[in-house]
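Chains H and D supply the protein sequences, listed in that same order.
The first sequence begins at 780 in my numbering and counts up by one.
The second sequence begins at 138 in my numbering and counts up by one.
Just so you know, the hints here were simulated from the structure itself, not pulled from any lab data.
Take the hints with a grain of salt, since some may be wrong.
Said to hold, decoys possible - A short, non-exhaustive set of chain H residues, derived as facing chain D with CB atoms under 8 angstroms: (1) Ser877; (2) Thr1014; (3) Leu1226.
If you're wondering where the values come from, they're calculated on a predicted model, not measured in any experiment.
Think of the CB as a built atom: it goes at the ideal place given N, C-alpha and C, for glycine as much as any other residue.
Spelled out from the first residue to the last, the chains are:
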Amino acid sequence: MKEYSSLKAIQQELQGGSLTCSQLVEHYLENIDKKVDLNAFLETYSNEARQQAQVVDQKIAENRAGKLAGMVIGIKDVLCYQNHPLQCSSKILDGFESQFTATAVQRLLNEDVIIIGRQNCDEFAMGSSNENSAFGVVRNATNPAHVPGGSSGGSAVAVQADMCLVSLGSDTGGSVRQPAAFCGVVGLKPSYGRISRYGLAAYASSFDCIGIFGKNIADVALVLEVMAGADEFDTTVSKKSVPEYSKALSFDRKAKVAYLKETLESEGLHPEVKQATQATLDFLKTEGHTVESVDFPLLDYILPTYYILTTAEASSNLSRYDGVRYGFRSTSAEDLQQMYTQTRTEGFGAEVKRRILLGTYVLSASYYDAYYTQAQKVRRLIKDATDKLFEQYDFIVLPTTPNTAFEIGAHNDNLVEMYLEDLFTVQANVVGVPAISIPNGRATNGLPIGLQVMAATYQEDDLLSFSQYLLES
Amino acid sequence: MPTLSDYEVVIGLEVHVQLQTQSKIFSGDANQFSTTPNTNISAITLAHPGTLPKLNRQVVAHAIKIGLACGCHINQETIFARKNYFYPDLPKGYQISQDKAPICEGGKVEFVLKDGKKAVMPLTRIHMEEDAGKSSHPDEGAYSWVDYNRAGTPLVEIVTDPVVCHPNEAAAFAYGYFKEIRKLVQYLEICDGKMEQGSLRCDANVSLMPKGSQVFGQRTEVKNLNSMRNVQRAVTLEIERQFGLLSAGEQVLRQTLNFDAQKNTITAMRSKEEMNDYRYFPDPDLAPVMISDEWLQEVKQQMPALPQQLQDKLMTDFGLSAYDAEVITEEKALYAYFAQTAKLTSHYKLIANWLMGDIKEYLNQHHLSIEALPVKPAGLAQLITLIESGKLSHTIASRELFPLMLKNPEQPAEALAQAHRLVANQDADELSEVIKGIIAQFPKEAKAYKQGKKKLKGMFMGQVMKQTGGKADPKLTTQLLDRLIAEVE
């Protein structure tokens, strides 16, 4: 079977009778099977997907199918799906099954999406290379010696390698956009509070967003409009009405675009990535859009702020994994204290433990003001400065990542280098604005380059239509 | 050798009040006391991954009420924070509580001590939080049990300022304050006040310092005192314990202590080295709570009358003494009983006497609350009316009719009195005159009968029958004869 690159194409054939959902599901299952070495899926729900395909085919025949009929998706292993395992790619959740379905996932199911399986990721979404999974690394389909990015590596590769049409990931500091860039697909992180977090296993609650991987803007827009909006189970989600993003994808005005001088002058920026970004900016200029360089002296503070606050929240969010009520419990413990320490020592991987320790440290009484309080203040400054930019500009354009996908194991000895992979993506999470990564050509080694566009809070409609415009041009 | 009177006690109390709501503070699970473990739970209560807290607005309204009742400042933007520590009965590994910007700050509680003196307890703050579950540790077996029914039950914690007291007065002060809090929350209908079920719990911070000192001594915290009496006992005991240490030249250690009510002892739970650093930070899962002026106004309008106001009312509108007013407002239900009865009879002092006398005695004996009293306000009003109309002496009412009413609550008081011939009716009056005449006629025999010559009863009965032409009811005759013979000098 050929590779379908949009829901629109699929739905046309489904309506025309030349394709069935059952055939589609078989196609994706075959692909998953064929590319099992990429390690993108932790588990496929093949029988359920086949059954659901029949149900949707029937609905199509009866002309009562939902608007996502024909869309086969995979979900990152941090999203709850009732009566299905949820492990966050961690040993500590061994044997755990979720008792409810995430609001966002349920809304997709209500529109007849077919879930084909759950996808590998960095443990508890902590990582930038998908090397931190308890179930092994995920490989980049373009070059399996390279990482797919992280933490939603499996979800990115699944779309890249046509194992499903769309994936749901989560983005706390770039975990959707960075792997999207590394794998050459579209990756959207919406505004904080646009999509309910109910049913998303928490890493850092004030940063976490469910994000979307797709092969084009239209699919991503459609999935967003179905998932987004108020939810009685998440009081931090916005009650703002949700536009029909998928129906407003034409961008026919002149945009005011800013780029952060510091990002393009950044030391670690790969020349080919810089060039690709510059080329886009030049194109926009030629097309008559306003493109201006702006100073953002706070850039250097974004990453430390991000790591202090996310680790602080994570240290608390991950306290519930204690071996008492569910998941893994060490068998070697003799008393309560040992049960806690050994369960958590054996159950969590190195990166998760590192971040729990860091977070506990920055929240401890003696260092609280120096780190946590200070970082909160800096977060406010970064937010104010970014919001101010959006008073003058429609978009900020910058590279998604400083480099293309690196080799597996490349940063094993230097974690700070690994953390620097998030340099350009964390700003959107620190501030809460929407951001997207779209393919922006390839480097000479054949690996994809991503371009990131940020817009003001809740301006997903503009962000998506502008991205569509960039991709078409 | 210094004596206890050379010291002053600094005392501070933290009272946890379980709030009465339909559901828990952050989930839809039922907020009910249940004896079957782990029945009022869900994925949210058990802190499954992906779950989020959702604030129950009723909890905020309850917290505002207690704040208003204590004259606190209400923070109209209030923030929840996480208090991080590990314990198996704490599902999330943190308790959602409040740290900075609690819902209420300042305020005070006024109350009356046992000796009638007025006292004031200044408050630091009142904050909202969730309760933890309950662990139990059976003597047998390698496991502990955890019941999460209580986890997520809404609480307010009322924290007082440290107050300097005379050592002999500290315990009574703590007792009086705790009692007043119980009274308040019951009047506000935000807590059932059932201390045996843990609805109200008190932690007491106690320290001693030399009289006149400006520097507080090392304090200890006695945890989980679940009755007013235990608060008083534990504070007394802790003062003695610290005095003992200081007298012996030893230091008081900063400790968390446990009071054993059965053994009347205080033991250390954990020492300072094991003290937790709770790493409070604002809970990112919960937006700050914004209390609008409208909402605040709405809650203000729902405020019921408070015990102090009702005491004043009892004294001015019903002419009761300060003491009576204090006792009757001790419990909201008792006041309600009084108020209902007072609608049916205007003999207010008699109502108060009955409530504080026979009724209280009966309730105490049977460990009942006023709501469970078989005699309802209408019955008491009838009883009082009977007495006031002269149909019944107070003694008969108390000894005979009231016990009958307790056994036959569905029957009207007057009917019961009639049936048991307690009421002085026409027939009985006539018969009494006849009997009195006969007694006057046979004074010697009457005296001998009274002194125990029971044989003479036949003679008297015969005389009564003779004089009434046999119409006298023998049962009534016997009753009246016994009563009138008893009155013979």
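So, going through the hints one by one against the coordinates:
1. Ser877: 7 angstroms, holds
2. Thr1014: The hint holds - Thr1014/H has a Cβ within 8 angstroms of chain D, the shortest such distance being about 6 angstroms.
3. Leu1226: 34 angstroms, violated
Hint 3 from the list above is the single one not met by this structure.
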